[in-house]
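Sequences are here, hints too, so could you generate the full structure?
2 protein chains.
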Amino acid sequence: MPSREDVHYFGAGPAPLPTAVLEEASKVLLNYNDSGIGITEISHRSADANAILAHTQSGLRQLLDIPESDGPDGYQILFLQGGGSGEFSAVVYHMVSIWVARKAKELGGDEDKLREEVKKMKLDYLVTGSWSLKASQEAARLAGAEHVNIVTDSRKHRDGKFGTIASPDTYTPTADTDATALTYYCDNETVDGVEFQAAPDGANLVADMSSNFLSRPVDVRKHAAIFGGAQKNIGTTGITIAIVSNRILPPHTPMADAGLLRKLGLPVGPVVLDWPTIAKNNSLYNTLPIFDVWIAGQVMQKLLDASTGSPRIATQQSESDRKAATLYAELDGSDAYHVVPDNSVRSRMNLCFRVRGGDAEAEKAFLKGAESRGLLGLKGHRSVGGIRCSNYNAVPVSAVEKLAKYMKEFAEGKI
Amino acid sequence: MPSREDVHYFGAGPAPLPTAVLEEASKVLLNYNDSGIGITEISHRSADANAILAHTQSGLRQLLDIPESDGPDGYQILFLQGGGSGEFSAVVYHMVSIWVARKAKELGGDEDKLREEVKKMKLDYLVTGSWSLKASQEAARLAGAEHVNIVTDSRKHRDGKFGTIASPDTYTPTADTDATALTYYCDNETVDGVEFQAAPDGANLVADMSSNFLSRPVDVRKHAAIFGGAQKNIGTTGITIAIVSNRILPPHTPMADAGLLRKLGLPVGPVVLDWPTIAKNNSLYNTLPIFDVWIAGQVMQKLLDASTGSPRIATQQSESDRKAATLYAELDGSDAYHVVPDNSVRSRMNLCFRVRGGDAEAEKAFLKGAESRGLLGLKGHRSVGGIRCSNYNAVPVSAVEKLAKYMKEFAEGKI
Chain A
1 MPSREDVHYF GAGPAPLPTA VLEEASKVLL NYNDSGIGIT EISHRSADAN AILAHTQSGL
61 RQLLDIPESD GPDGYQILFL QGGGSGEFSA VVYHMVSIWV ARKAKELGGD EDKLREEVKK
121 MKLDYLVTGS WSLKASQEAA RLAGAEHVNI VTDSRKHRDG KFGTIASPDT YTPTADTDAT
181 ALTYYCDNET VDGVEFQAAP DGANLVADMS SNFLSRPVDV RKHAAIFGGA QKNIGTTGIT
241 IAIVSNRILP PHTPMADAGL LRKLGLPVGP VVLDWPTIAK NNSLYNTLPI FDVWIAGQVM
301 QKLLDASTGS PRIATQQSES DRKAATLYAE LDGSDAYHVV PDNSVRSRMN LCFRVRGGDA
361 EAEKAFLKGA ESRGLLGLKG HRSVGGIRCS NYNAVPVSAV EKLAKYMKEF AEGKI
Chain B
1 MPSREDVHYF GAGPAPLPTA VLEEASKVLL NYNDSGIGIT EISHRSADAN AILAHTQSGL
61 RQLLDIPESD GPDGYQILFL QGGGSGEFSA VVYHMVSIWV ARKAKELGGD EDKLREEVKK
121 MKLDYLVTGS WSLKASQEAA RLAGAEHVNI VTDSRKHRDG KFGTIASPDT YTPTADTDAT
181 ALTYYCDNET VDGVEFQAAP DGANLVADMS SNFLSRPVDV RKHAAIFGGA QKNIGTTGIT
241 IAIVSNRILP PHTPMADAGL LRKLGLPVGP VVLDWPTIAK NNSLYNTLPI FDVWIAGQVM
301 QKLLDASTGS PRIATQQSES DRKAATLYAE LDGSDAYHVV PDNSVRSRMN LCFRVRGGDA
361 EAEKAFLKGA ESRGLLGLKG HRSVGGIRCS NYNAVPVSAV EKLAKYMKEF AEGKI
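First to last, the protein sequences are chains A and B. For the first sequence, UniProt numbering gives the first residue as 1, with consecutive numbering after it. For the second sequence, UniProt numbering gives the first residue as 1, with consecutive numbering after it.
Derived by calculation from the structure, the hints in this document are not laboratory data. None of the values given here were measured: they were computed from a predicted structure. Treat the hints with care, as some may be off.
As the list makes no split between identical chains, a pair holds if one copy fits it or if it spans any two.
To be verified - List of simulated lysine-lysine pairs, PhoX-like, C-alpha gap at most 20 Å:
1) Lys134 with Lys280
2) Lys379 with Lys405
3) Lys379 with Lys408
4) Lys119 with Lys103
5) Lys161 with Lys134
6) Lys402 with Lys368
7) Lys263 with Lys113
8) Lys302 with Lys27
9) Lys414 with Lys364
10) Lys113 with Lys103
11) Lys134 with Lys156
Given below as structure tokens:
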């Protein structure tokens, strides 16, 4: 019957959380802030809940240097439900709506002309792994495949499999940036173990950062929106964070009304995924899981407290880089392993590798040996097989060192 | 600094949870099932998570006598995110989609005829309070106001305010039931304190039971679907439960494809709210907050363990009825109070009343006196004012008795 100290968990998400945060969580579940009421029981409209919300927003703002302003240069921090997959859809509903509204305004309400213009509208997707592929498929389902332009498909550069990010000079973005409702990319692909080294270029840039949020600085100002499910680097499953530029929110941009969108054969999204509604209500349009927001706030406070550099996230970045380097050094140092994705785009968060050329028995033995040492959650995603080690923020250095040591011993046949 | 024992919380949701469940929750947060990993950290695809899911589904099935079968008479139990408000939209996307698919099939693909038929499609809404009003507004936004038929609007029967449910012989359902994509009602209205005494009639009946779930038996078989956010009688904010008839799910009914819906000017919903997708993946299409599912399962287990009657929910029903009767007796027994909604439709879950004719000072004094006795969360909804006492399942009899005693003393001027 292992304790938390006996186990090191490398699952791809939900991910481990700092034990200190969970210990505090177990107390506030029963009694929050000496109110006699537990944190899951308090009203989402209470002063306590509002303070939790403000604390978490403030933590994220400091860590990622998110501009605070009511003007067009500011960004809103929204909390939603539905995970990254929910935002795959939210992104399409919203970016299409503001594109249509802008065009309608330009054309002074001429609906025939608008209908012609809409035919040219494009949603640009960089498909570099399983999650961006899924997002592009949802866009095609919601808006119609004729509106989706695949800027790059990594599989075409690598024998039909993900594991690379092609050079930008091979990209095929929509030539007319005025027709580009969004440019979408997934910053880190958990299934395939590839990570962008820097944000790509593109009109109305939107990023999925679910799996590498808070692991390095982000050029927020380059993006129209950034989103991510909380259950990897940030907290618990249940909330999704969206950082949305005021430029793409009312009153700085008009929204198309639902009737017009339907008339144009374009989709209308549910109110709970509607960014302007969520922004206007400071994420309290409907009941928000405040416990999950609190957990995220505690995790962020821990990062801030540990922060010694500028930008504030630099300390965590160093640790993430160092942990990944330790593991990759072990994998590169032995013929027993090979890392699946290309060297230049290896993820610091999800390390995907094969054991002895992908030999099924060897990989089983690797997993079994790991398990007997309390090193868990290392099986690769069912769609790609092999081994995957997720190196999220709350995986301690000691866990990584123990895994590296095990890798070495296994490679040397000592297991 | 009050402890849980010093405080009785009557908020409208999130609601109190049994202390025993929260005590157990505080342990599993750190180490679930002696795995060394906390419950928010385990994979939603792990054996432990699957067992939690099955346990909660089984509890609900037993409590509400939900038919289990792969055939058209069976019902699926789905867990989603986005709360009741998310389901306001999910209901419309889904019921419109299957209505269109059925019509398209009947018309053998004649799109012009289908376009004509769609003009007749109606979504029937019983508007008996703030939440069913909101749901009907979301339907009008998504599908177009021309498709929404208000079967009853309680305000027309009561000087423009909610607080009654008119007699069914005043209802104006769509005459052609073949044109009725759904009939929607909210079983209990938290803001206005009214509750249906029995499920109304209607084609393709859908019920919002967010605020009285698991407080009495439900005629599940009468419904196409029943849904509810978990944060009142069931558990924590973060999951929404939908009980969906196989009759309205593939393979028993066809679904319209997204392209056809767009062409007809009808809305296409996000994949995370798509009932068939969630059903097909046993609620694990994307990451599900397993902790919230576990909490709900523990609450249900507690109800089952306490159950002495048949149906299994009868014990809880007796307790809910008795607690409500205790409070209403106090309110009816004194001129100091008057209950806002009509006698015949008073909610057992949310008791809305005024003090001394709605005198602002008297109501403030009532709330202040209550607070000093640890009786919290009694302020009425901001849109209606007055006092609201929510009598959810986890509000203990002792809390109700203490509140009743306070009501008596206040009425007698002893405060």
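**Asked** When no copy is specified for Lys379 and Lys408, does a C-alpha distance of 20 Å or less occur within a copy, between copies, both, or neither?
**Response** within (18 Å within a copy, 63 Å between copies)
**Request:** Tell me, please, which holds for Lys402 and Lys368 at an alpha-carbon limit of 20 Å: within, between, both or neither?
**Result:** within (15 Å within a copy, 58 Å between copies)
**Lys134 and Lys156: within-copy, between-copy, both or neither at 20 Å Cα** = Within one copy, since 17 Å is at most 20 Å while 48 Å is not.
**Request:** Using 20 Å as the alpha carbon limit, work out where Lys263 and Lys113 are close: within a copy, between copies, both or neither.
**Result:** The answer is both: 14 Å in one copy and 18 Å across copies each meet 20 Å.
**Request:** Up to 20 Å between alpha-carbons, please classify Lys113 paired with Lys103: within, between, both or neither.
**Result:** within (10 Å within a copy, 32 Å between copies)
**Request:** With 20 Å as the alpha-carbon cut-off, assign the pair Lys414 and Lys364 to within, between, both or neither.
**Result:** within (16 Å within a copy, 75 Å between copies)
**Prompt:** For Lys161 vs Lys134, is the C-alpha pair at or below 20 Å within one copy, between two copies, both, or neither?
**Reply:** within (15 Å within a copy, 47 Å between copies)
**Within, between, both or neither: Lys134, Lys280 at alpha-carbon 20 Å** = between (29 Å within a copy, 17 Å between copies)
**Asked** Checking Lys119 and Lys103: alpha-carbon separation at most 20 Å within a copy, between copies, both or neither?
**Response** Result: close within a single copy only, 12 Å intra versus 28 Å inter.
**Prompt:** How do Lys302 and Lys27 come out at 20 Å by Cα distance, when the copy is not named: within, between, both, or neither?
**Reply:** Within one copy only: 18 Å inside, 22 Å across.
**Prompt:** Given identical chains, is Lys379 near Lys405, meaning Cα to Cα at most 20 Å, within a copy, between copies, both, or neither?
**Reply:** within (18 Å within a copy, 59 Å between copies)
Checked against the numbered hints above, the structure breaks none of them.
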